[in-house]
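Can you build the whole structure from these sequences, using the hints too?
Number of protein chains: 2
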Amino acid sequence: MPSYTPPLRDMQFLLHEVLRVSDEFKAMPRHAEVDADTINAVLEEAGKFAAEVTFPLNISGDTEGCTLDQATHEVATPKGFKEAYAQFVEGGWPALSCDPAYGGQGLPYVVNQCLYEMLNSANQAWTMYPGLSHGAYEALAAHGTEAQKKTYLPKLTSGEWTGTMCLTEPHCGTDLGLLRTKAEPLPDGTYKLTGNKIFISAGEHGMAENIVHLVLARLPDAPKGSKGISLFVVPKFHVKADGTLGERNAIFCTGLEHKMGIHGNATAQIAIDGAIGTLVGAPNKGLAAMFVMMNAARLGVGNQSLGLTEVAFQNALAYAKDRIQMRSLSGPKAKDKEADPIIVHPDVRKMLLTAKAYAEGGRALQIYCTLLLDKAHHHPDEKTRKNADELVALLTPIVKAFITDNGHLATNACMQVFGGHGFIKEWGMEQFVRDNRINMIYEGTNTVQSLDLLGRKVLGDQGAALRKFGKLVGALVEEEGVNEKMAEFINPIAVLGEQLTKFTMEVGFKGLQNPDEVGAAAVDYLRVAGHLVFGYFFARMAQAALRAIADGSTDPFYTAKLQTARFYFAKLFPETATLMRTARAGSRVLMDTDAALA
Amino acid sequence: MPSYTPPLRDMQFLLHEVLRVSDEFKAMPRHAEVDADTINAVLEEAGKFAAEVTFPLNISGDTEGCTLDQATHEVATPKGFKEAYAQFVEGGWPALSCDPAYGGQGLPYVVNQCLYEMLNSANQAWTMYPGLSHGAYEALAAHGTEAQKKTYLPKLTSGEWTGTMCLTEPHCGTDLGLLRTKAEPLPDGTYKLTGNKIFISAGEHGMAENIVHLVLARLPDAPKGSKGISLFVVPKFHVKADGTLGERNAIFCTGLEHKMGIHGNATAQIAIDGAIGTLVGAPNKGLAAMFVMMNAARLGVGNQSLGLTEVAFQNALAYAKDRIQMRSLSGPKAKDKEADPIIVHPDVRKMLLTAKAYAEGGRALQIYCTLLLDKAHHHPDEKTRKNADELVALLTPIVKAFITDNGHLATNACMQVFGGHGFIKEWGMEQFVRDNRINMIYEGTNTVQSLDLLGRKVLGDQGAALRKFGKLVGALVEEEGVNEKMAEFINPIAVLGEQLTKFTMEVGFKGLQNPDEVGAAAVDYLRVAGHLVFGYFFARMAQAALRAIADGSTDPFYTAKLQTARFYFAKLFPETATLMRTARAGSRVLMDTDAALA
Numbered sequence: 015m016p017s018y019t020p021p022l023r024d025m026q027f028l029l030h031e032v033l034r035v036s037d038e039f040k041a042m043p044r045h046a047e048v049d050a051d052t053i054n055a056v057l058e059e060a061g062k063f064a065a066e067v068t069f070p071l072n073i074s075g076d077t078e079g080c081t082l083d084q085a086t087h088e089v090a091t092p093k094g095f096k097e098a099y100a101q102f103v104e105g106g107w108p109a110l111s112c113d114p115a116y117g118g119q120g121l122p123y124v125v126n127q128c129l130y131e132m133l134n135s136a137n138q139a140w141t142m143y144p145g146l147s148h149g150a151y152e153a154l155a156a157h158g159t160e161a162q163k164k165t166y167l168p169k170l171t172s173g174e175w176t177g178t179m180c181l182t183e184p185h186c187g188t189d190l191g192l193l194r195t196k197a198e199p200l201p202d203g204t205y206k207l208t209g210n211k212i213f214i215s216a217g218e219h220g221m222a223e224n225i226v227h228l229v230l231a232r233l234p235d236a237p238k239g240s241k242g243i244s245l246f247v248v249p250k251f252h253v254k255a256d257g258t259l260g261e262r263n264a265i266f267c268t269g270l271e272h273k274m275g276i277h278g279n280a281t282a283q284i285a286i287d288g289a290i291g292t293l294v295g296a297p298n299k300g301l302a303a304m305f306v307m308m309n310a311a312r313l314g315v316g317n318q319s320l321g322l323t324e325v326a327f328q329n330a331l332a333y334a335k336d337r338i339q340m341r342s343l344s345g346p347k348a349k350d351k352e353a354d355p356i357i358v359h360p361d362v363r364k365m366l367l368t369a370k371a372y373a374e375g376g377r378a379l380q381i382y383c384t385l386l387l388d389k390a391h392h393h394p395d396e397k398t399r400k401n402a403d404e405l406v407a408l409l410t411p412i413v414k415a416f417i418t419d420n421g422h423l424a425t426n427a428c429m430q431v432f433g434g435h436g437f438i439k440e441w442g443m444e445q446f447v448r449d450n451r452i453n454m455i456y457e458g459t460n461t462v463q464s465l466d467l468l469g470r471k472v473l474g475d476q477g478a479a480l481r482k483f484g485k486l487v488g489a490l491v492e493e494e495g496v497n498e499k500m501a502e503f504i505n506p507i508a509v510l511g512e513q514l515t516k517f518t519m520e521v522g523f524k525g526l527q528n529p530d531e532v533g534a535a536a537v538d539y540l541r542v543a544g545h546l547v548f549g550y551f552f553a554r555m556a557q558a559a560l561r562a563i564a565d566g567s568t569d570p571f572y573t574a575k576l577q578t579a580r581f582y583f584a585k586l587f588p589e590t591a592t593l594m595r596t597a598r599a600g601s602r603v604l605m606d607t608d609a610a611l612a
Numbered sequence: 015m016p017s018y019t020p021p022l023r024d025m026q027f028l029l030h031e032v033l034r035v036s037d038e039f040k041a042m043p044r045h046a047e048v049d050a051d052t053i054n055a056v057l058e059e060a061g062k063f064a065a066e067v068t069f070p071l072n073i074s075g076d077t078e079g080c081t082l083d084q085a086t087h088e089v090a091t092p093k094g095f096k097e098a099y100a101q102f103v104e105g106g107w108p109a110l111s112c113d114p115a116y117g118g119q120g121l122p123y124v125v126n127q128c129l130y131e132m133l134n135s136a137n138q139a140w141t142m143y144p145g146l147s148h149g150a151y152e153a154l155a156a157h158g159t160e161a162q163k164k165t166y167l168p169k170l171t172s173g174e175w176t177g178t179m180c181l182t183e184p185h186c187g188t189d190l191g192l193l194r195t196k197a198e199p200l201p202d203g204t205y206k207l208t209g210n211k212i213f214i215s216a217g218e219h220g221m222a223e224n225i226v227h228l229v230l231a232r233l234p235d236a237p238k239g240s241k242g243i244s245l246f247v248v249p250k251f252h253v254k255a256d257g258t259l260g261e262r263n264a265i266f267c268t269g270l271e272h273k274m275g276i277h278g279n280a281t282a283q284i285a286i287d288g289a290i291g292t293l294v295g296a297p298n299k300g301l302a303a304m305f306v307m308m309n310a311a312r313l314g315v316g317n318q319s320l321g322l323t324e325v326a327f328q329n330a331l332a333y334a335k336d337r338i339q340m341r342s343l344s345g346p347k348a349k350d351k352e353a354d355p356i357i358v359h360p361d362v363r364k365m366l367l368t369a370k371a372y373a374e375g376g377r378a379l380q381i382y383c384t385l386l387l388d389k390a391h392h393h394p395d396e397k398t399r400k401n402a403d404e405l406v407a408l409l410t411p412i413v414k415a416f417i418t419d420n421g422h423l424a425t426n427a428c429m430q431v432f433g434g435h436g437f438i439k440e441w442g443m444e445q446f447v448r449d450n451r452i453n454m455i456y457e458g459t460n461t462v463q464s465l466d467l468l469g470r471k472v473l474g475d476q477g478a479a480l481r482k483f484g485k486l487v488g489a490l491v492e493e494e495g496v497n498e499k500m501a502e503f504i505n506p507i508a509v510l511g512e513q514l515t516k517f518t519m520e521v522g523f524k525g526l527q528n529p530d531e532v533g534a535a536a537v538d539y540l541r542v543a544g545h546l547v548f549g550y551f552f553a554r555m556a557q558a559a560l561r562a563i564a565d566g567s568t569d570p571f572y573t574a575k576l577q578t579a580r581f582y583f584a585k586l587f588p589e590t591a592t593l594m595r596t597a598r599a600g601s602r603v604l605m606d607t608d609a610a611l612a
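Protein chains in written order, with our numbering: chain D, 15 to 612; chain P, 15 to 612.
There could be a bad hint or two in this list.
The calculated lysine to aspartate or glutamate pairs, modelled on EDC-like cross-linking and capped at a C-alpha distance of 16 Å, are [unchecked claim]:
#, chain 1, residue 1, chain 2, residue 2
1, D, K347, P, D606
2, P, K238, D, E352
3, D, K196, D, D287
4, D, K96, D, E174
Partial selection, computed: residues in chain D whose CB lies under 7 Å from chain P [claimed, not checked]:
#, residue
5, E271
6, L366
7, T459
8, A591
For the record, the hints were derived by calculation from the structure and aren't laboratory data. Every residue, glycine too, gets a C-beta built ideally from N, C-alpha and C.
In structure tokens, the structure reads:
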């Protein structure tokens, strides 16, 4: 019953009018030829794939779920998932941003970003099957041996094989230092792995010929804790020297989780029973290799919520225009009807605009981050690469936590627009809420993201990375400070930027005395930082819209953008007033509560 | 896997130490003999029933759901539901607060309130079967003829029959003025009803001998809109003159909704195909009669979220003490273990305390409101009755919307404490989130509640009802204004009370010019009012706790209460800073958005 229209216009606006990516690509030899027409043509096809192939499988995938055959350890995915994946492979989509050295198309990450936003709107559960391959590809590309790259990367690029990240165990998720899976070296240089993993997304399925498991485990002599973790690649089927598939490896799905959402994705319990794998990277340095996967995955999780926010918005908007119920408080609007469409009600508009603003802010941030990745990988200037790398590291926890929390607010608001019908499965809205809910949890809970941001990324380098972002804000404030039309968009971020700088120093000092002060402030801090970032992008989007209007454009898209930006600054951004206050409330009200939490 | 312990201590604290209900009851002839021991004994048994009989059926009920036999129109409820209901009836629980004239036990509403809080914690879906009877009972007691009362009230009191509210139709929920179900008068004084209803909770089941449907419909000559609605009682089985059951009436379940939550409750599509019913109250005055049901139901919905908040808190607390993962930021706490229990982390404590504070604030407000109902029904002084009635009318939308929104925040926070395990059905946490989600929607969405509060209850009488509550706050501020120990609890509500008074006048004036200003501010306004109310009760709870400590008590309960109150004022109450700002942002940023919402 829901529908989905790829938001190509907004993507093009961000790519070509706000971020002007083609200008950026001219400086990068690999992408120098990538122009707007090429990007737009790819995105149009990508949107068709999402809307026509995987979106129709979203509700049925949720209803059917996955089933495990206990005898064969094979998992059946919902009807149509396998065929859609075959079409995805045939279309060359997995290869979009992969290295041409391994058969990739070598397009910029920003293009892949937009492809995946649309796939996530269409069907998050399905998208996780190809999506998880991405982390495996990145980890092997960064840390694999030449032989490993040659064996695995072409197949991950083509999509013939998919990847997983086997990290979590029943007793450890956040704290991987506790993990127990063992890897014993064998005389031939391979390793024999034994242990149990849980929560392995896309962990088993019949959509691809082979599954490439990236597994964290301990060597026999490994130091305790997180310094004793190594990374291994363990294929479902052994790969022979000629690249063809051999025997089944002893890595089996033994159970599937019953979950709140993403039912179409197989969340596997995996028994590793003497499976053979090879070491990726140096012994005991698995966490570093894993963080390559993890950082890619964290940006990907933000993108999942961006996709769900967009599709929830589109459907709530359509419903609000269609559903008639009550009259406008300021007098009948649809006089020919028994009642007015509910979009006349201020709070219905607030719920819709909340989702729209969070979608547009999220899209700007996600595309910006992947543009930074393009720079970090392909810009010829080392300083530019390093700068981009540091900025994306700073922004990654914000992407992951802020966009997924916003997705929670947005999908719930859109579901609420439907009244009682929002609670009914057939309308599709409650599925968006359920599917989004995992995004706040996996790949590091949003609390973990906040500690990563405040503890490591901000205070860990004495605020240097934060100042880098602050400089961008400062430059925009400088540039537009005397432009009256921009004042409503510039002033809030100028003020908040100063407040955040001051508060960062405060919490830094308090944290030196008592590290719990950092933990007590971190979640509020991340949302404040998120609003500074979104505010910055809304100001840049307003700037581009005002310029287009000044240049004579009458496209209502630009008026819409200004209206959304105004709404954002009036109704969402002021959350920072409370957040600054609660962040400052300190740790005592949380920690001196042993009686209350007895 | 989850567990539940009835919160008897906190209930007793509120009943006996904060609200001192027995003192209040002494003034009411019907309840003059109801002392603390009686109440406590009943609540202890009630808690046992909830924890031992219906709680064990909560997860299985969610998994099994209800099934409709299309041939017989009968609905099968999940395993054990029927037997639990029989036990409930046998224990006399439906009769607890019913009128002794119809076989009720005549206990105060506050006792029933606590019973139902515990039942909702244990199993919201099951509790809706007896819970819906309550509204039917109240509507018939207030507006039924003597014959109707004699026929239906004893059976609803005993629980042999259950009730429903048949309001919603496919094209109208909020806007009942649009409803189309017809009622034609028959020569014998009965009516023949025809139409289709949807979303009828507990609408069909085999747990009771008969189901008493209260149905809204239109008489042939009825005026258009909400002034042409009448209320009818339509039993599933006809009732003969001697009170025994006759033929099946033509009111059938034709479908069950597939829902996000409360799977164990049958949400029925009901076809009324020439069913015979009798008129309740005057023709075309059905909405007034319906509001008797609705007001009871709205308090009941708040109570559902209170119950879920409490049980979610208990389980998240247990998990946070048990699950070890990472070390405390301020150094290892459980040195004998591989890692610390996650309760050492400030943000985990924040999530737990959020739920605890919302449970305790909600419980105080719910019990207070039912004490007002006891007064409104049974106090000998008319002015006291009227005063209580007006206060409960003011507070009802706050109970419904604020407590259910808080339930959303709280159950999601508690689910988050579990990390990935929170997303897995077996742990039970995601069910609390799903079940709670409907509470924000049904019996009038929370937006509708906010319009009821600001538009009707506050501005509708020029703030008179609000001033009544303001006087209570003022009296407490007066009483404790010079008590240094109370300053931290009193100052915030004194300040917010003034702000709210000022803002109420502002929005009242703006609303005269443009009614959309009321709609634009209402949702934020309700949450501000909610925090003023919760703040007031936290101050009263702190007052009682400080007195007990001053009297020499060393019970850690009182220390816990003060810690929770401090947390509430430091971390939750400051939400009002943002809400006052966004409420003041006005309607233009919402209404001048036609391009954005094109």
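Results of checking the hints against the structure:
{"no.": "1", "hint": "D/K347 x P/D606", "verdict": "holds, 15 Å"}
{"no.": "2", "hint": "P/K238 x D/E352", "verdict": "holds, 10 Å"}
{"no.": "3", "hint": "D/K196 x D/D287", "verdict": "holds, 10 Å"}
{"no.": "4", "hint": "D/K96 x D/E174", "verdict": "holds, 12 Å"}
{"no.": "5", "hint": "E271", "verdict": "holds, 5 Å"}
{"no.": "6", "hint": "L366", "verdict": "holds, 6 Å"}
{"no.": "7", "hint": "T459", "verdict": "holds, 6 Å"}
{"no.": "8", "hint": "A591", "verdict": "holds, 5 Å"}
Every hint from the earlier list agrees with this structure, and none is contradicted.
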